[in-house]
Structures are given as C-alpha cells and as structure tokens.
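The listed protein sequences derive, respectively, from chains P and D.
Following numbering that gives the first Met the number 0, the numbering of the first sequence begins with 0 at its first residue and continues without gaps.
Following numbering that gives the first Met the number 0, the numbering of the second sequence begins with 0 at its first residue and continues without gaps.
Accuracy of the hints is not assured; some may be wrong.
Said to hold, decoys possible - With the C-beta cut set under 10 Å, the calculated list includes, among others, these residues of chain D facing chain P:
1) Glu47
2) Val51
3) Ile53
4) Pro54
5) Phe127
6) Phe169
7) Gly174
8) Thr176
9) Lys182
10) Tyr194
11) Glu203
Simulated from the structure, these hints should not be mistaken for laboratory data.
Yeah, the Cβ is synthetic: ideal placement off N, Cα and C, and Gly gets one too.
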Amino acid sequence: MPGDSSNVNINNKAAAQNTYDAIVIGSGISGGWAAKELCEKGLKVVMLERGEHIEHIKDYKNANKSVWEFPHRGDATQQMKADYPSLSRDYPLNEETLGMWANEKDCPYTEKKPFAWFRGYHTGGRSLLWGRQSYRWNKWDFEANGKEGIAVDWPLRYEDLAPWYSYVEKYAGIQGSKQGLDVLPDGEFLPAMEMNVAENYVAENLKKHYNGSRHLFIGRSANITKSLPENNRPNACQYRDRCWRGCPFGGYFSTQSSTLPAARKTNNLTLENNKIVTKILYDKDKKRATGVEVIDALTNQTYTYQAKIVFVCASAFNSTWVLMNSATDIWPDGLGSSCGELGHNVMDHHFKIGAGGVVEGFEDKYVYGRRPTGIYIPRYRNIYDDKRDYLRGFGYQGGGNRGRGIEVAEFTFGAELKEAQSEIGKWGFGIMGFGEVLPDHSNRIYLNKDKKDKWGLPVLEMDVEIKENEIKMRKDMMNDAQEMLTNSGLKDVNAYDYGYIFGMGIHEMGTARMGRDSKTSVLNSNNQVWEATNVFVTDGACMTSSSCVNPSLTYMALTARAAAFAVEELKKGNL
Amino acid sequence: MERRELLKFITAATGVAFVVGDSMLSGCNTGADISVTFSDADLALLDEIGEVIIPTTTTPGAKAAEVGKFMKTMVTDCYTPIQRESFMAGIPQLKDACSQLNKKEFAACSADEKKAFLLSLEKAAKEFNAKNDESNNVARDKANAAGTAFEAAPPHYYTQIKQLTLYGYFTSEPGCTKQLRDKPIPGSYDGALPYKIGDHAFSE
Numbered sequence: 000m001p002g003d004s005s006n007v008n009i010n011n012k013a014a015a016q017n018t019y020d021a022i023v024i025g026s027g028i029s030g031g032w033a034a035k036e037l038c039e040k041g042l043k044v045v046m047l048e049r050g051e052h053i054e055h056i057k058d059y060k061n062a063n064k065s066v067w068e069f070p071h072r073g074d075a076t077q078q079m080k081a082d083y084p085s086l087s088r089d090y091p092l093n094e095e096t097l098g099m100w101a102n103e104k105d106c107p108y109t110e111k112k113p114f115a116w117f118r119g120y121h122t123g124g125r126s127l128l129w130g131r132q133s134y135r136w137n138k139w140d141f142e143a144n145g146k147e148g149i150a151v152d153w154p155l156r157y158e159d160l161a162p163w164y165s166y167v168e169k170y171a172g173i174q175g176s177k178q179g180l181d182v183l184p185d186g187e188f189l190p191a192m193e194m195n196v197a198e199n200y201v202a203e204n205l206k207k208h209y210n211g212s213r214h215l216f217i218g219r220s221a222n223i224t225k226s227l228p229e230n231n232r233p234n235a236c237q238y239r240d241r242c243w244r245g246c247p248f249g250g251y252f253s254t255q256s257s258t259l260p261a262a263r264k265t266n267n268l269t270l271e272n273n274k275i276v277t278k279i280l281y282d283k284d285k286k287r288a289t290g291v292e293v294i295d296a297l298t299n300q301t302y303t304y305q306a307k308i309v310f311v312c313a314s315a316f317n318s319t320w321v322l323m324n325s326a327t328d329i330w331p332d333g334l335g336s337s338c339g340e341l342g343h344n345v346m347d348h349h350f351k352i353g354a355g356g357v358v359e360g361f362e363d364k365y366v367y368g369r370r371p372t373g374i375y376i377p378r379y380r381n382i383y384d385d386k387r388d389y390l391r392g393f394g395y396q397g398g399g400n401r402g403r404g405i406e407v408a409e410f411t412f413g414a415e416l417k418e419a420q421s422e423i424g425k426w427g428f429g430i431m432g433f434g435e436v437l438p439d440h441s442n443r444i445y446l447n448k449d450k451k452d453k454w455g456l457p458v459l460e461m462d463v464e465i466k467e468n469e470i471k472m473r474k475d476m477m478n479d480a481q482e483m484l485t486n487s488g489l490k491d492v493n494a495y496d497y498g499y500i501f502g503m504g505i506h507e508m509g510t511a512r513m514g515r516d517s518k519t520s521v522l523n524s525n526n527q528v529w530e531a532t533n534v535f536v537t538d539g540a541c542m543t544s545s546s547c548v549n550p551s552l553t554y555m556a557l558t559a560r561a562a563a564f565a566v567e568e569l570k571k572g573n574l
Numbered sequence: 000m001e002r003r004e005l006l007k008f009i010t011a012a013t014g015v016a017f018v019v020g021d022s023m024l025s026g027c028n029t030g031a032d033i034s035v036t037f038s039d040a041d042l043a044l045l046d047e048i049g050e051v052i053i054p055t056t057t058t059p060g061a062k063a064a065e066v067g068k069f070m071k072t073m074v075t076d077c078y079t080p081i082q083r084e085s086f087m088a089g090i091p092q093l094k095d096a097c098s099q100l101n102k103k104e105f106a107a108c109s110a111d112e113k114k115a116f117l118l119s120l121e122k123a124a125k126e127f128n129a130k131n132d133e134s135n136n137v138a139r140d141k142a143n144a145a146g147t148a149f150e151a152a153p154p155h156y157y158t159q160i161k162q163l164t165l166y167g168y169f170t171s172e173p174g175c176t177k178q179l180r181d182k183p184i185p186g187s188y189d190g191a192l193p194y195k196i197g198d199h200a201f202s203e
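Bound conformation, chain D alone:
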C-alpha cells in the first residue's frame, strides 16, 4: 500500500504513470536488449539535471543523494528493455538539445540557462507524452481485444529522468533523514498527530 502511494505521488508530480519495470509483464522481453553503459560523464550529467529538479536548499539536494548512480542502478536492473532503450537514447538527445538551446554543455550553463533548458524539456515532454498516451491507449485496446500481452511505450526520456530523480531522492538517506522526518522505530502510534502546513512528511 505504501509503495503504491509513493508511486502515485510521483505520477501526480510528473503527469505520467510511474512504471519501473512492468509488474504485469514480468520476465517479458519485448524490444531489443541493448547493453547499458553509463560513463562517469553521464552520471555527472544526470546528477546535475537532478540537482536542478531537486536543488540543495537548507537541506541536501539530488546530487547529494547520488541520483545519477541511482538512475544507473534502476535503469540497468529494473527497467524493461524498451524502457532502458528509451532512457539510454535520451542521454545524447538531451546533450544535443542543450547545445542547441544554450550553445554549450549543460555543466557550463548558468543557473538561468539550466532552468530555461529544463523548462524546454518539460514542454517537449508534455507534448511527447500526450501523443504517447494516445497511441498507448490504442495499442492497449488492440492488445486487450486480441488477448495479447501489452507493454506501454515509455514516456519522454526527461520524464523518466524526473521520475527517477523524485523516487531516488525521497528514498535516499539525505532525502529521508534531512528533508523528510525519518522514524525507523516509531515505538507508538498517534492517529491524530497535530500538523501545520509546511511540516514535512515522515519518510517511508
């Protein structure tokens, strides 16, 4: 129940169902199995993007939570082949898009340039995901009618990065202990705990 809720919040924040692997298609290998190699530069880039999504404030951000490394682990081990393919193809696309918009690498961009770039990705992802949802719905209906297995085409690569950033950060040690309230051994239960707006949630 709790995990399902966690996934729901990520869905709410990104507008797209958060799917790691695919519980309904266990062990189903649709799509080409591509070998996955993350360079150190890739991991650094993912950390930097993550840091813009979840920045350091009075508490640590995504970089401190090593979200790049987390993405590598999840993409390599938990993603289905077609999810993985989409993610890996996204890294060079992301680099190109940044060069096109800001005429330089992401790491060399100013804070404003980074934000402008992410905003452009947010918009591109929204457009892509709307079309993707439509074609997924058609394909799902067809598969259901034919009684065949169906795996949804993954969302835009930026959506994948954003979802894994949120998931990774809020299940990381800094995310759970510094940003959220971590109570490994609550010791008791209070079903009417006083709460005021701005108080942070307890970690999972």
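Extracted from the complex, chain P is given alone in its bound form:
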C-alpha cells in the first residue's frame, strides 16, 4: 500500500513511458476543463481517472429507456439502500442512475457528524450527474469575506474572473435570459428556455408586489437550446429531462459531451482509467512536484507518472485527500498543510426548505415537453439596504406545473377513477431556498487512519455541521418563501423543511482555500499550492467562500484561468 515501502512495486519500464507535460487528476467538470485547455495549448496531458470509463452515448445504458423498462419504475430497492447507505438519504439513489455513483462498500468514509457525500467515480465524474444550474458569482461574493472579517479575503475579484466566465460559457453552452442585475451578473447566453403561464404569472406578481426589487426568471442551465456544431455538438436539448442517465443527444454540458472531445481532438490527451492517485511526488530541494503515484484500482499495482505541472481536480474532498497524503515526510499533515487550513472550512449549500402552493386559473393551458431547468429567484437579502441578523443570503429554485390526477369522491374506483387519474389538476408552484454556508475553521475533514478502503488507503472522516448563521438564515428561507408566494397570488401556500444534512447540496467546497498569504491559505490567487507552485488545485477545494449560487460554472472559469496562467509560466520558465 502507498506509504509502505515494502509494498511499493514501481514499474520502472512503465515509469519511463509515463512522462508528460501535465498530469490532470480527475475527469469531472474541473478535470475536463483542465485537460481541454492544457491540450489545446499544446501540452501532452495524461488525465488520471480513478474509476471505469463511460464513453459518450455508447455507454449511457439507460438513456433511452421508458419508465416501464425499469423493473421498479425507477425506485430504489431495499438492496440498493443497503448497498448505498449514504446515497439512500436522498433522491440520487434510484434505478435510473444506479451504478453511476461511487461504490460505498469499496469506498467508505466515516461521519463524526452526519454528512452525505455523493460521489461519481468514473470518466466524467459528476459532470454526468450534475443539476446543470450555471450562475456567475457577483462582486459582493468575492468581497464579503474581507469586508466582514470572515475566514480570509479572496485573492481575486469579480473583474478578474469575468472574462473567464465569458470564455467557459461560450464553450459549455449556457441558456438563460439577461436581467441586468448586479446580484446575478449576466453571461454569454444561448436563447433562454421558456417559462410557462403559471411561472410568468408568479413572476409578474412578484415584481409588482416588491416594486421590482425581487426577480423571478428562467433558471440558467448548461443545456444547449441550439446546436453548437463548432463545439462538436450537433444536437440541441430535446426536452426529455433525462439528463442524469447521460444524454444521447449531448444536450447538456458534461466532460463527455464537451471538454473530452475537444481534448481528444488535439491528440495530446491520454486518458487513463482505474488509476487512483495516492500522492503527489514532491522534491523538497526544488520545492516542486515531480509527478504522482497511483495505484491501479483493478490490479493493485503501483505506478508513477512524471510531469512538469499537476492539476488536482479530483473533486473537493478527494483533491484535499491527495494533498494530505503527499510530502508527509516534510509536513505530517500533507502538502499545503503548513497554514493549518488544509481540510478545514468545509462548505456546501444548505437547502431543502421553502414553500409551495396553487396557482388558480389558466385551466385551458398545459405544458408540452419536459424542460430540464426551473425558475430562479436571485438573492435579495443583505444587499443594498437590506440588513438581517445573519450574514450573506440565499436564492430560490423552483417551478410551476400541472400535475396528473383530479379529485374524486371517497370510495371511488373503476372507470371513474381511471379517468380522474388521467386528467390534470390545478397548477402547482413551488420554490426551494439554496443558502450560503460560511467558511468555518471548525468544519473540517481529516484522514481516518483506522479505517481503510478496498485498496488499503485511509478514508476521510467528516466533522462538519451547519452553524448559527445558517440556522438563522433558514428561518428567512422558509418564511420568505411562504410570504412571497402568498403575496404573488398563490393559494393554499404551505411552507416545508424536508431537513438538510451537510453535503446533500452536492456542492462540497473549501478544504484547500485560496488566499493572499501562505500563512493562512493553501493556494494563491492562481490556484497554485504555495509550497509547490507547479501544483494547481482548481475544483471545489479551492473555494474561499461559497456564495449561494451553484458553483460549477465558477470551477470552470477558475480552471481555465489557472490553465492559461500555468502555460504562460511554463513558457517563461517559471515552473
């Protein structure tokens, strides 16, 4: 096992062949972007993916199935729940995506406090399984830590990232509508998907009631509303809303549909599957990484790969896990741990709270097509003159639709029930809040050396909880939802709190934050590890705060920015 020298079986012949310009660890949203950018700039890149390969379209085995072709109509079985105890806490455990989430028996983790960790270990990672909501951060998101004295200041500002947002939006393909709001900057959008009559009604009423200070519009998402042949994407979204099974039309952004074909086209990419990176190899005299060590997931053989630069994009916690296992002869807690922040400041978005109700009228209208996005209400708390007893804010996602089934008298069965269950009822409309989580040093992950995974590697222990700021915010998230829907003309409005377990947002952030000072942060303003400047961490691990908007677009922008910087530095001979 790694770290146990008697067991290390370095294949020297392979080692000589395993030399590249760049190593990219992970093939998800960030890894895919790193590979694309570095390959297109002429570097020979090896992308190391710990899981099996999933080939675009060909391997999406459930993509074209109808609901009746699933024996349990999509539901989780008791056996699935036993096999995936963590995943079974929420909707991701279902028959349609079974096999696309990490095997929890082979890859366990431990919970000092409850934590839901939903991982995708295969080519493309969670880029196949993401919610596709794509929002820019605003200027306040980057300034808040510094102004409020929370954690550390971001070492960059909105203006630094704005051109990179544009760059990645144009390639990934984001549909949305321009709103001209400071709180949610506009981007380079494809034509927006349409809101339905109920959603338009609520949007108008909301605007009227709050004098234009609150907004409701179509959720911006990485579903393409027109084909992008120049990006190798011949088909637009077909409104199937089967994204999670893998899209046979390539209608949404994933590594497979978007960044992997671009990287492959250069002939500079080598994708290696079933390679679990166990550590970054560190030369303490040169203060730089020389490569990585991997264990082959199928053969348990250990190999090394050498490169000039390493992009760590293994998903937030796994990127930090790799750092924790690296250079431990110099820093017992791993590469990047000297500041005392490695593994700390875990963030997510807390949610599963909001309200829903009935929109009366519009009985002569229905909806055709299954739109793969909903509506969005951007943050309005603690901006401009608004001041609450907590910091930061939240946005809402939601939507309206007419459900199947109309009311029947009790004891009804037979033809009357069959008909009633086939027609459609009133318009329903619901929203769910997504709140910012403050970075807190005490929210942390660390190696649990008492528990090992299938390959004898130490697992992560989660010691994370929401704190007072989030708990206070949740009251507003529920009350505001109920109040806004009531004020927007809905009837029978009910608030709900389904209960949130840390991690359920599947937006793990932090644990290797960026900062302005090597004494208080793991990474500098270009995502370089302070102690090893040829190591870049550009996934969720690098985040210094969490905003309340979905984070993936920001990872894309940060990754593309860091890749461009890395190549410039290589050219200058600085790396």
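With the hints as your guide, set chain D onto chain P.
Below, chain D without anything else, positioned relative to chain P:
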C-alpha cells in the same frame, strides 16, 4: 420533483401517504423478515382486483398492465419487512372476506359482486387507516421525543393493493402509451399548450 408529484397523486386518490420502502429509514430492518412467495393464483387474483380498480375501457386496464406481477416485484424488492408482512397477510384475508360477503371466490363473482366487495374493502380500509394514522402519530411523536428511528405501520392491505395498482398502471407501457400521452422525445417546450377538460396528461 416529478416522482414526488406522482406519489402525491396516488396519496390524493387513496387518502393515505404512498410509501414504497421508506426513504428515511434506509436499510433499517424493523419487523420480521418473512419469505415472500406469490403463487400464480395470487398473481391472477391481484390482476383481477386491479382490473376492477382500473378497468379496461376504450383503453387497456390494469390486467393488461400486469399489475399483479408489478406488485410482486415491488413488495419483494422495495417494501420494508413490515410493509411486506402486511401485504402478504392481506392476501388470505382478502380471500376470506370475499367468501364471507359473496359466498364464492373473487374470480367467480359477477361484476356487481366484485364491485360490492371492493366497496366493502374501501370502507374497511378507511376505518382501519383512520385508527392506524392515529396510532402512527402517537408513535411518531414518541420516537421523535426519544430521538429514535420510526417507521409508520403500513395502511390496510387493500390500500396497499390500490396504491400499487395506480402506480403500476400509470407507469406501465399500456398506461403510459394508451391511456396517457407518451412523448419520449418532446423536442421542444410549450409553456402555454392549449388544454381542454378531458384531455389526458402526458406520461412521466
């Protein structure tokens, strides 16, 4: 969201929360694990009951959708042990109740006799479920106060059969393609599609 809505409609139609398995109690085995055996006769009986709940009209009914087989799959694989126990104990109870009311097996009953029998089950289930809800609420409060896990006692076996019939039928091929409107590849979106009363919903 869509699946949650689907479950909501079944709840509305049966008056009882539709729970397959129990998402909050994953892998939790409360109650005796009984082995499940469905005879061919059981499956035929469930098909026949299903057919009275969702009959063949101008479109196929529950029997064509093989709801008996679907119930077997769901009860065996997705139900928790106590839900399964209740369902399996219900089959002989149902047979007895039919013999008592109509003095013959369900299959041998006339259409009117079948309807009369189902009406008696609807009423028995309503009474049972009201009491069951009450005791569940008490037990839930106790469990919440003690911070222990809680699994609701299942509803009347007839309610289970009715819920699985509705769920199975409206997710079956005939249910989705003949009774509802099936659009596997919509290709576009219209948020103001004209609708008139009597038009059927699109399938999931």
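Per-residue hint verdict: D:Gly174, partner chain P, C-beta under 10 Å: holds (8 Å)
Interface restraint verdict for D:Ile53 against chain P (beta-carbon cut-off 10 Å): holds (5 Å)
Restraint outcome when D:Thr176 is required to lie within 10 Å of chain P by C-beta distance: At 8 Å from the nearest chain P Cβ, D:Thr176 passes the 10 Å test, so the hint holds.
Interface hint status, D:Glu203 versus chain P (Cβ within 10 Å): holds (6 Å)
Satisfaction of the D:Phe127 interface hint, Cβ to chain P closer than 10 Å: violated (14 Å)
Proposed interface contact between D:Tyr194 and chain P, which counts if any beta carbon pair is under 10 Å: holds (4 Å)
Cut-off 10 Å, beta-carbon criterion: hint that D:Glu47 touches chain P: Given a least distance of 13 Å, the restraint on D:Glu47 is violated.
Satisfaction of the D:Phe169 interface hint, Cβ to chain P closer than 10 Å: Because about 7 Å separates D:Phe169 from the closest Cβ in chain P, which is inside the 10 Å limit, the hint holds.
Hint validity - D:Val51 Cβ closer than 10 Å to any chain P Cβ: holds (7 Å)
Minimum beta-carbon distance criterion (10 Å), D:Lys182 to chain P: For D:Lys182, the interface hint holds, since the closest Cβ of chain P sits about 8 Å away, which is under 10 Å.
Hint check, D:Pro54 versus chain P [nearest Cβ-Cβ separation less than 10 Å]: holds (6 Å)
Hints 1, 5 from the list above are not met by this structure, while the remaining hints are.
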